[in-house]
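Student: Listed below, chain by chain, are the residues.
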Amino acid sequence: MSEDKTKYLIEGTKNKWEVVIGLEVHAQVSSKSKLFSGSSTTFGAEPNTQVSLVDSAFPGMLPVINEYCVEQAIKTGLGINAQINSYSVFDRKNYFYADLPQGYQISQFKNPIVGEGEITLDLKNGTKKIGIERLHLEQDAGKSIHDLDPSSTFVDLNRSGIALMEIVSKPDLRSPDEVNAYVKKLRSIMRYLGTCDGNMQEGSLRADVNVSVRKEGDKKLGTRCEIKNVNSIKFMQMAIEHEAKRQVELLESGESIVQETRLFDTKKNETRSMRSKEDAHDYRYFPDPDLLPLNLDKHLIEKIKKDLPELPDQKKERFVKEYFLSTYEANVLVSEKEVAAFFEEVIKTAEKKLATNWIIGDLFASLNEKNISISESPIKAKEMASLINSISSGLISGRAAKEVFEVMKETGSDPVKIIEEKGLKQKSDPKELEALIDKVLEENKDKVSQYKSGKDKLFGFFVGQAMKVSGGTANPQIVNDILKKKLK
Amino acid sequence: MTDITNNSLTKIVDLIKKKEIKSEEVTNAYISNIEKGKKLNSYITESFEIALKKSKNFDKNPNYDLLLPGIPLAVKDLFCTNGVKTTAGSKILENFVPKYESTVTNNLWSEGAFLLGKLNCDEFAMGSSNETSFFGNVINPVKDNTVPGGSSGGSASALAAELTPATIGTDTGGSIRQPASFTGTVGLKPTYGLCSRWGIVAFASSLDQAGPMTQTVSDCALMLEAISGFDPKDSTSIDRKKENYSKKLNKNIKGLKIGIPKEYRVDGMPNEIEELWEKGKKILKEEGAEIIDISLPHTEYALPAYYIVAPAEASSNLARYDGVKYGFRSSKGSNLIEMYENTRSEGFGDEVKRRILIGTYVLSSGYYDAYYLKAQKVRQLIKNDFDKAFLKVDAILTPSTPSSAFKIGEKKNDPISMYLNDIFTVPTNLAGIPAMSVPAGRDKNDLPLGLQLIGKPLGEQTILNLALLIEAKSSFKRNISKWWEK
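For the protein sequence lines, the chains are B and R, in the order given. The opening position of the first sequence corresponds to residue 1 in the numbering used here, with each subsequent residue numbered one higher. The opening position of the second sequence corresponds to residue 1001 in the numbering used here, with each subsequent residue numbered one higher.
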C-alpha cells in the first residue's frame, strides 16, 4: 500500500502542506432527564417548558447527578476502548452569558470520567487508529434567540442542563475524509450503545474543529485555530478545507498563524475570527462544592462492560467470518445498527450473497434516492427476504426481480403478490419450454444448420429468441439445458 | 401578669402541650413584641397574617405529638420561603418571592411551627456585624448602638429581644456563633451535611451550614432535632438516621476529655476572655471532665485560608444574580454586558463586591495555584489538626470570639479587624465539624461573652451536653431590660 498517493496535502505555491486535525465532539447523552435535574430532555418542546428551578438557577437550588447519564458516559467510554476513571470531579466553568443561568457550566476539567481510548477508522486504503484524549460529562447551555424581536433577545432554557459528553480526539486526523470517517464511526458506536442518537439536525452531535498545517514531513505541530460549534459533517469538511488553505496562504506569504477561536460561516464558506488567545475567557475552573467527587464502583463498570452490545468492529469481524462477506461489504452493512439488523433478519431465510448485493445495491440506492433511513424504508426485511428467495428458487429471473423491486420500493407490498399480478413468474416447466424452443428452432432453420456447421456463437441467439418469445419469463438455465440437448 | 414570651421555647412547647396556652395567644404575644421592637430593625419581612392563620388552624386542629406544636418562628432571610419575600439582605433580591420552601424551614413547619417573619442579616451572609445589610443595621438588644454580630445578626437580635421564641441562622465562618456570643444566646453550627442546604441562598457552598439559635441549650437540642436530616436534593447531605438530641440531652460528662488548644490564646485578647475560658475549664473539671492541653498548629492559617475559599465559592455562587432571570435589573445599559455591569454594580453592596473581586482574583489563571489550591491544602491541614486532636479528646473548649459586641460603625471601614472576629469560629467550618457558642459570662462593660464547644464530626450530642452544664453552672443571666420599648 503506497500511502503517499492517497495522502491529503494542500499544494501551496512553495510547498506541500499536511493538515492536522483534532476534534472536540459534543454528543448529547440519550437520557430522559437532564444531567443535574429531573426536567425532560425531549426535543422541540415549547420554549421554557422543560425547565426546573435548578436549570434556571434559582437561589438555593442544588444539582444532583443523574446516575443514568453517568452510566451512559461509562458505556461510551468502554465503546471507544477507553480507560474509565473510577475517580472523577465536576468543576465549575465560570462565564457570564444570558443563556447560562448559573453563571457557570458544570463540567469536568482536571479529572474527567473517561481517559484515553481509540477508535478504528475504515478508510479506502485500510484502517487507521485515532486516539481519544478524554471524554467528560458537562451541562449544555440554553439558547439565545436573537431574531424574534429587533430590540430584544429571548432565552429558551429547555436545553439548559441537558447532559453532554465532550469527546476530545488526539490530533490524529489528516484530511476531511478522515474527519468524515471519524465522526461517522463515533456516531455509529454511540448509536449502537444507545448513548447518543447522533441526530445532527437537532444538535445532538456538534463539534469544535482544531486545524493546523505543517510542511509535509515536518514533525512539529503548527499553531492551531479552533473552529467552534460546527453541526454537520459536510460543514466540518468545508471548514477544514477553507481553514487549511487560509493558513497555508498566510504561512507561505511569510506571516504566522495566531492561535484563536474562529467561526465557520456556512453561507459565505469561510471562517472568521471570533476571539484571539489574548481575549480568551478565563473560566476560573474550580471543583463544584455542591457535588461530591464521582467515585465509581468497580462492579458497576464491570456490569456495564458485561452488558455491552456487539459494537460495529466486532460485528464487522463476525460478518466477515460467519457470512464470508468482503471487508467492504461488512463495513457498509455494520455502519448502522439498524442496517446490520435488517441484513441479519433477511439472511435468516434468504441466501447471503444475493442478500448482500441487493441490500447494498438496490435497497441503498432507493433509500438514498428518497433520503430516508432503513427504519423508514417501505420494504421490510421479510419482504426483502421473500424477493431474494423468489430469485434463488427460480420463481423469477433477476431481471423480473428488478421490476418487482421497483413496485416494492414504492408500496412495500409482498413480492409474491406483485409477481403474480404482473405475471412475472418464470416458466420452468421443461415440457412447456421444449415446445417453445422447438418453435424457435423451426422458425430459424438456416441458423440451426449454420450452428451445426460450427458457428458456435449462435447459441446465444437461440437463447435470446427463446427468452423473447416467452416474454422474458423463461427460466434461462432450463432454456440453456434444453437447447444444448436439442442442438447436439 | 406573666408574659409568655419570657419563656424558653421548651417551656412554651410544654405549655401548649399541656393546653395551658393556645398557639394564637403565643403568636399574638410575639407580634406585639415585634411591633414594639421595630427600633432594633431585626425583621426585614413580617408574615403576621400567615402566622395568625396557621396558629388558629393549629388551635382548631392541634397535633401535640410534634416537636414544635403551634410555635411561631422567624428565620434568617437567607432561607427561601414559599410565597414570602426572601432577600438575603440584598438589593439584588429586594423583591424576590420564591415559589419553593427550603428543606430546613420545611422541616420546621412539618414539626408544627409556622413562619412569623424573615430576619435581617448581612448581605448574602457576608459580614460580622449586620452592617452590610441593604435593609440597614440591626441593633443588639443588649445595648443600644451596639452590633448584634453577623451575619445572623437579625436572628440573634430578635431572639435576645424575645421577638421570636427561637430561630435559625446560617454559619459559614461563625455567622451563628459570633452573634450568639454577642447577644448572650445559644447558637450551634452543625456538622457539614447534617442540615440540608437546599433552598438556602448560597454564600460558600463547602462551608455553609444552617443551625439553631436559641435562648437555652435545651431549645437548641430541640431545634436541631427538628431541622436536621438527610435530604436527597443536597448531594452533600449526610445519609443517616435522625438523632433525638433533646431526649438524650443530659449533664453527665464524667470522664469526657476536653481539649484546650494553646493556639487560641491570641495576642491582645482581653483578660476577661481569658478568665471566661478559665471559668469554663473549671466548671467542666468540677463535673468530672478531664482537661487536656492540645495543639492545633495550623490555626493561624485558618483565617487567610477561609478568606480565599469562601470568596472564591461566593464569586461563582453569586454569578446567577445577573438581572436576566429574577431579582433586580438595572434600567441602564444598552447591551448585555452593560446590563450585567450596571445590575451588579447597583444591586450588590460594597462588602459583597469586595468578596466577589477577591474570589474572582484567587481563581484566576496564574493565581489559582498560589491562592485557591494552597488554601485548600491549608484546609486539609486544619482538618488533620482536628482529627489528630480528637484521637485524644472528646471535645474542645475555646472562647467564641476574641471580644464582646462592638459599637455600630466601629469596624465598618476596617475589614481586616472585622474579619478577625471570626478567628475562633472559622477553623470548624473549614474542618466541617460541629461547634456551638453558649453564653458564660460578661466583660467589664457588662456585655455577654460566649464559650465555644467544638465536637467531633456528628458529635453534636456531646457538645450539647457540655453546653447544658456550662449553662447551668455559669449562672449567666441575659437580663435584657427592653429599653427599646420605652
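Worth double-checking, as some hints may not be accurate.
[Claimed, not checked] Straight-line alpha carbon distances no greater than 27 Å define the calculated DSSO-like cross-link-like pairs of lysine-lysine that follow:
1) R:1085 with R:1332
2) B:93 with R:1353
3) B:110 with R:1377
4) R:1377 with B:234
5) R:1332 with B:143
6) B:93 with R:1085
Derived by calculation from the structure, the hints in this document are not laboratory data.
Student: Does residue 1085 of chain R lie within 27 Å of residue 93 of chain B when you go C-alpha to C-alpha?
Tutor: violated, 30 Å
Student: Checking one constraint from the list: CA of residue 93 of chain B to CA of residue 1353 of chain R, max 27 Å. Satisfied?
Tutor: holds, 20 Å
Student: Within a Cα-Cα threshold of 27 Å, do residue 1332 of chain R and residue 143 of chain B meet the stated pairing?
Tutor: holds, 24 Å
Student: Does the structure keep residue 110 of chain B and residue 1377 of chain R at a Cα separation of 27 Å or less?
Tutor: holds, 17 Å
Student: Would you check the hint for residue 1085 of chain R and residue 1332 of chain R, treating anything up to 27 Å between C-alpha atoms as holding?
Tutor: holds, 25 Å
Student: Please verify whether residue 1377 of chain R and residue 234 of chain B have alpha carbons no more than 27 Å apart.
Tutor: violated, 49 Å
When each numbered hint is compared with the structure, violations occur for hints 4, 6.
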